[in-house]
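Engineer: The residues making up each chain are set out below.
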Amino acid sequence: MRIREKWSPSTALKILLCIFWLFAIILPLIRMLSTMATVDVRAVITARKFSKALRQSLTVSFTATVIAVALSGLLSWAVARTNIRHKTILNTLITVPMLIPSISHGMGLVIILGANGWLSRFLGLEGGIYGFWGIVIGSVMYSFPVAYLMLYDVLRYEDGAPYEAAEVMGLTAQNRFFAITLPYLRKPMISVVFATFTMIVTDYGVPLMVGGKYMTLPVMMYQDVIGMLDFGKGSVIGMILLIPALIACILDMANRDKGNAAFVARPYLIKKSAVRDNIARGICIFVIVLVFLPIASFSILGFIAKYPTDMTLSLKNAAQAIHMGAIRYLKNSLIIALVVSFLGTALAIFNAYMTARSRTRLSYVLHLMSITSLAIPGIVLGLAYVMFFKSTPIYGTFAMLFLVNSMHFFASPYLMAYNTFGKINDNLENVGAAMGIGRWTIIRDVILPQAMGTILEMMSYFFINCMMTISAVSFLANVRNKPLALMITQFEGQMQLECAAFVSMLILSVNVVMKYILFVMKKRTTF
Amino acid sequence: MDKLIIKNLTKSFDGTGVLHNVSFTVRDGEFLSILGPSGCGKTTILRILIGLESADSGEIIKDGVNITTLPAAKRKMGIVFQNYALFENMTVLRNVEYALLKSAGTKGEYSRKKAAAKAKEMLELVGLSEHLDKKPRQLSGGQQQRVAIARTLALNPDVILFDEPMSALDVDTRLSLRAELKELQKRFGTTMIYITHDQEEAYALSDRIMVMDAGVIHQLDTPHNLIDRPADDYVRNFVIRNINIKINSLIQFARLEDNK
Ligand SMILES: Nc1ncnc2c1ncn2[C@@H]1O[C@H](COP(=O)(O)OP(=O)(O)O)[C@@H](O)[C@H]1O
Ligand SMILES: [Mg+2]
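These protein sequence lines map, in sequence, to chains A and B.
For the first sequence, position 213 matches number 213 in the working numbering, and the numbering has no gaps at all.
For the second sequence, position 136 matches number 136 in the working numbering, and the numbering has no gaps at all.
Treat the hints with care, since some could be wrong.
Coverage of chain B stretches by chain A, computed from C-beta distances (three or more under 8 angstroms per stretch; other residues unrestricted) [what the hints assert, rightly or not]:
{"hint": "1", "segment": "49-59"}
{"hint": "2", "segment": "78-89"}
{"hint": "3", "segment": "119-131"}
Derived pair list, reagent style DSS-like, types lysine-lysine, alpha-carbon separation capped at 30 angstroms [to be verified]:
{"hint": "4", "chain 1": "A", "residue 1": "Lys522", "chain 2": "B", "residue 2": "Lys102"}
{"hint": "5", "chain 1": "B", "residue 1": "Lys134", "chain 2": "A", "residue 2": "Lys522"}
{"hint": "6", "chain 1": "B", "residue 1": "Lys102", "chain 2": "B", "residue 2": "Lys76"}
{"hint": "7", "chain 1": "B", "residue 1": "Lys135", "chain 2": "A", "residue 2": "Lys515"}
{"hint": "8", "chain 1": "B", "residue 1": "Lys114", "chain 2": "B", "residue 2": "Lys102"}
{"hint": "9", "chain 1": "B", "residue 1": "Lys182", "chain 2": "B", "residue 2": "Lys3"}
{"hint": "10", "chain 1": "A", "residue 1": "Lys272", "chain 2": "A", "residue 2": "Lys423"}
{"hint": "11", "chain 1": "B", "residue 1": "Lys102", "chain 2": "A", "residue 2": "Lys6"}
{"hint": "12", "chain 1": "A", "residue 1": "Lys87", "chain 2": "A", "residue 2": "Lys515"}
{"hint": "13", "chain 1": "A", "residue 1": "Lys331", "chain 2": "A", "residue 2": "Lys390"}
{"hint": "14", "chain 1": "B", "residue 1": "Lys74", "chain 2": "B", "residue 2": "Lys120"}
{"hint": "15", "chain 1": "A", "residue 1": "Lys522", "chain 2": "A", "residue 2": "Lys423"}
{"hint": "16", "chain 1": "A", "residue 1": "Lys423", "chain 2": "B", "residue 2": "Lys134"}
{"hint": "17", "chain 1": "A", "residue 1": "Lys523", "chain 2": "B", "residue 2": "Lys134"}
{"hint": "18", "chain 1": "B", "residue 1": "Lys186", "chain 2": "B", "residue 2": "Lys134"}
{"hint": "19", "chain 1": "B", "residue 1": "Lys102", "chain 2": "B", "residue 2": "Lys118"}
{"hint": "20", "chain 1": "B", "residue 1": "Lys120", "chain 2": "B", "residue 2": "Lys7"}
{"hint": "21", "chain 1": "A", "residue 1": "Lys272", "chain 2": "A", "residue 2": "Lys187"}
{"hint": "22", "chain 1": "B", "residue 1": "Lys135", "chain 2": "B", "residue 2": "Lys118"}
{"hint": "23", "chain 1": "A", "residue 1": "Lys423", "chain 2": "B", "residue 2": "Lys135"}
{"hint": "24", "chain 1": "A", "residue 1": "Lys6", "chain 2": "B", "residue 2": "Lys74"}
{"hint": "25", "chain 1": "B", "residue 1": "Lys135", "chain 2": "B", "residue 2": "Lys102"}
{"hint": "26", "chain 1": "B", "residue 1": "Lys7", "chain 2": "B", "residue 2": "Lys76"}
{"hint": "27", "chain 1": "A", "residue 1": "Lys6", "chain 2": "B", "residue 2": "Lys76"}
{"hint": "28", "chain 1": "B", "residue 1": "Lys135", "chain 2": "A", "residue 2": "Lys522"}
{"hint": "29", "chain 1": "A", "residue 1": "Lys213", "chain 2": "A", "residue 2": "Lys49"}
{"hint": "30", "chain 1": "B", "residue 1": "Lys182", "chain 2": "B", "residue 2": "Lys135"}
{"hint": "31", "chain 1": "A", "residue 1": "Lys52", "chain 2": "A", "residue 2": "Lys213"}
{"hint": "32", "chain 1": "A", "residue 1": "Lys523", "chain 2": "B", "residue 2": "Lys135"}
{"hint": "33", "chain 1": "A", "residue 1": "Lys6", "chain 2": "B", "residue 2": "Lys7"}
{"hint": "34", "chain 1": "B", "residue 1": "Lys113", "chain 2": "B", "residue 2": "Lys7"}
{"hint": "35", "chain 1": "B", "residue 1": "Lys114", "chain 2": "B", "residue 2": "Lys76"}
{"hint": "36", "chain 1": "B", "residue 1": "Lys3", "chain 2": "B", "residue 2": "Lys107"}
{"hint": "37", "chain 1": "A", "residue 1": "Lys271", "chain 2": "A", "residue 2": "Lys87"}
{"hint": "38", "chain 1": "B", "residue 1": "Lys135", "chain 2": "A", "residue 2": "Lys87"}
{"hint": "39", "chain 1": "B", "residue 1": "Lys102", "chain 2": "A", "residue 2": "Lys423"}
Keep in mind the hints are simulated off the structure, nothing from the lab.
Don't be surprised by glycine CBs; every beta carbon is placed ideally from N, CA and C.
Start from the sequences and build out the full structure, keeping to the hints where you can.
Structural biologist: In structure tokens:
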């Protein structure tokens with residue numbers, strides 16, 4: 001039950017935050033959507049080029065989603081429901097693709113299976129896999145770890161009690177699967193499918209790299225805005241890309257509110273079976289090889305003089321990239337990532353405290369505003385920001401990129417904090433008040449220390465995503481504040497694959513270091 | 001001597017009346033229990049008494065002083081919740097020590113050393129000397145509630161409020177904690193107001209019991225009078241229902257024994 005707000009300082013703070021959200025998300029979006037009035041929407045939508053891109057976007061995303069979800073389902077079974085060892089290491093390896101931009105996955109794929117890819121040359125394939133299958137494989141590459149993490153959690157926390165009951169009743173394994181597992185997975189599965197689909201259908205990194213002539217909506221939007229400065233048409237496409245994200249967000253909320261916090265009577269008991277464990281081990285190895293093939297490929301390519309004509313090891317690409325400003329852009333990226341990881345986290349904590357620890361109606365409004373970014377693809381947010389902030393002083397500054405990245409990646413860390421604060425004893429502030437210990441003292445000395453693990457997790461989430469994002473910043477960055485990841489698109493445009501590979505590797509290295517720091521710090525903070 | 005005089009408390013949430021003209025007095029050093037069905041306004045009374053919530057109208061007089069609008073910190077009352085509300089990131093000892101060092105009432109009164117000594121003394125009283133360096137989550141529910149009681153007692157409040165402090169505990173723990181609580185109250189002479197669902201607990205602990213329903217008080221009397229001279233049908237039924245449950249379970253138990 002949500003209670004009515006009473007006037008208090010915290011009410012004022014909540015209203016302040018709501019106003020912030022108005023300017024940070026809602027008004028920019030309205031600004032973008034309002035250009036619709038000035039464009040001939042029908043002309044855009046009925047153009048043949050457009051309907052073809054729409055059709056292709058849907059087909060390619062649908063195919064990739066099916067494969068990614070199937071693969072992650074299989075993999076999460078292999079890790080969660082067997083007795084194979086080293087699960088932590090496996091999970092770390094499986095999620096490494098989440099540390100590099102989608103465009104780098106596309107690039108890795110080009111190096112392997114492109115026109116000059118080492119595997120295509122080895123197999124004698126002509127022309128490479130540009131187009132439909134290129135996009136599908138590339139999209140699967142970067143999206144399946146996300147789907148995997150969701151499904152793994154679902155499987156790991158499934159209640160074991162129904163299985164035991166079923167066994168007592170003598171149901172076969174197959175019947176158990178259809179009677180218990182499948183119904184249990186239905187709701188989370190819908191969330192996973194839509195989240196994956198949204199991620200793929202709104203991405204332009206992979207299709208830009210391996211799409212060839214196969215045009216998709218995000219690429220079309222990117223080219224219309226970047227190349228032709230056609231904001232009107234960009235807005236129309238942006239609005240269409242909002243639809244799947246919006247559906248995913250609504251489904252997710254519907255599923256989250258209801259049964260998902262299911263009560264676990266007893267953990268799922270994993271039986272002994274060597275055969276099954278061996279199959280699982282095989283699946284894991286297969287997937288990990290698949291994941292690391294493109295990553296290893298671009299890591300090596302970064303140090304090869306000129307592929308495929310001059311295969312000597314050299315630092316030429318590094319030198320070239322540095323000459324083109326890689327160090328400066330890396331510095332930009334680090335500044336952005338660090339500032340956002342502090343500011344974004346602080347804002348998310350503040351917001352989550354207000355919404356999770358006083359459940360008033362206004363809190364709920366604030367909560368909804370805090371998670372709207374979940375429903376806005378980066379490329380759409382970027383365009384909305386260009387149009388809304390263009391004539392303000394922060395446009396073109398670092399502050400602009402701090403803001404857009406904080407907003408783009410806000411929802412997940414916010415929800416982490418929201419869940420953590422919600423679980424912390426709800427009477428702490430009351431006990432404090434009764435003892436005459438102020439709210440801020442209790443927050444500082446009791447609540448934040450208990451949330452430390454979550455806070456570190458949030459900071460690293462912001463950091464890593466800022467390091468690798470291209471979607472929201474591509475329209476907003478300029479030569480002075482350009483982040484490193486955007487060099488990949490730049491090099492791609494100049495056909496300098498080796499330099500792009502070097503940059504990707506740089507990003508990966510920074511993020512791996514960040515993950516390691518997180519790991520060490522989290523170990524220390526378990527209270 | 002009256003410790004607390006509560007006059008005509010009225011409270012509604014979103015237009016729904018929760019407390020209707022609630023008046024009663026609490027004597028100094030008394031153990032007073034509040035009984036009543038869920039949702040009848042027990043917690044709301046406690047929250048208003050301690051200042052976490054304000055009444056729409058009515059007055060609270062403590063030791064002859066009107067404290068109706070005084071902030072919670074200045075009321076010299078303590079509160080113990082069902083879910084303990086311990087500082088999970090601190091050790092058992094630190095929980096009490098921190099309260100002594102930071103609480104408005106005792107701040108400045110204690111050096112770190114004195115606070116630690118006092119904290120140890122209080123924790124010893126509740127039998128936790130061996131667990132000083134543990135974190136709350138390493139303790140059983142009963143032990144955690146003992147920490148919360150020690151932490152509250154350490155601040156030496158005039159009145160301690162309990163909101164179903166034992167509802168989450170198993171029967172054995174409840175019985176032993178019940179005895180300890182009574183012991184502590186005798187020792188410190190603190191006035192205690194105690195919400196419970198458990199009639200037996202209320203009879204065992206209380207000097208007087210207040211029976212409530214739907215935001216009104218039906219009777220405030222000694223346990224003996226409550227059973228002997230219920231004020232109205234509601235109280236009579238309330239008491240009898242409890243006795244009936246007891247009798248029914250006794251009958252069932254006897255049947256089971258017979259069938260053996
Ligand atoms: N902050 C609040 N906002 C709205 N309604 C409330 C609030 N607190 C309590 N209530 C309502 O007031 C009534 C009495 O609640 P409470 O005092 O907690 O009952 P009890 O402790 O006797 O179970 C209930 O109907 C409850 O739903
Ligand atoms: Mg209550």
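Engineer: All hints, please: hold or fail.
Structural biologist: How the hints compare with the structure:
no.	hint	verdict
1	49-59	holds (count 3)
2	78-89	holds (count 10)
3	119-131	violated (count 0)
4	A:Lys522 to B:Lys102	holds, 28 angstroms
5	B:Lys134 to A:Lys522	holds, 21 angstroms
6	B:Lys102 to B:Lys76	holds, 14 angstroms
7	B:Lys135 to A:Lys515	holds, 29 angstroms
8	B:Lys114 to B:Lys102	holds, 13 angstroms
9	B:Lys182 to B:Lys3	holds, 19 angstroms
10	A:Lys272 to A:Lys423	violated, 35 angstroms
11	B:Lys102 to A:Lys6	holds, 28 angstroms
12	A:Lys87 to A:Lys515	holds, 17 angstroms
13	A:Lys331 to A:Lys390	holds, 25 angstroms
14	B:Lys74 to B:Lys120	holds, 25 angstroms
15	A:Lys522 to A:Lys423	holds, 19 angstroms
16	A:Lys423 to B:Lys134	holds, 21 angstroms
17	A:Lys523 to B:Lys134	holds, 19 angstroms
18	B:Lys186 to B:Lys134	holds, 29 angstroms
19	B:Lys102 to B:Lys118	holds, 14 angstroms
20	B:Lys120 to B:Lys7	violated, 39 angstroms
21	A:Lys272 to A:Lys187	holds, 29 angstroms
22	B:Lys135 to B:Lys118	holds, 19 angstroms
23	A:Lys423 to B:Lys135	holds, 17 angstroms
24	A:Lys6 to B:Lys74	holds, 22 angstroms
25	B:Lys135 to B:Lys102	holds, 19 angstroms
26	B:Lys7 to B:Lys76	holds, 19 angstroms
27	A:Lys6 to B:Lys76	holds, 25 angstroms
28	B:Lys135 to A:Lys522	holds, 18 angstroms
29	A:Lys213 to A:Lys49	holds, 12 angstroms
30	B:Lys182 to B:Lys135	holds, 26 angstroms
31	A:Lys52 to A:Lys213	holds, 12 angstroms
32	A:Lys523 to B:Lys135	holds, 17 angstroms
33	A:Lys6 to B:Lys7	holds, 24 angstroms
34	B:Lys113 to B:Lys7	violated, 43 angstroms
35	B:Lys114 to B:Lys76	holds, 21 angstroms
36	B:Lys3 to B:Lys107	holds, 25 angstroms
37	A:Lys271 to A:Lys87	holds, 17 angstroms
38	B:Lys135 to A:Lys87	holds, 29 angstroms
39	B:Lys102 to A:Lys423	holds, 24 angstroms
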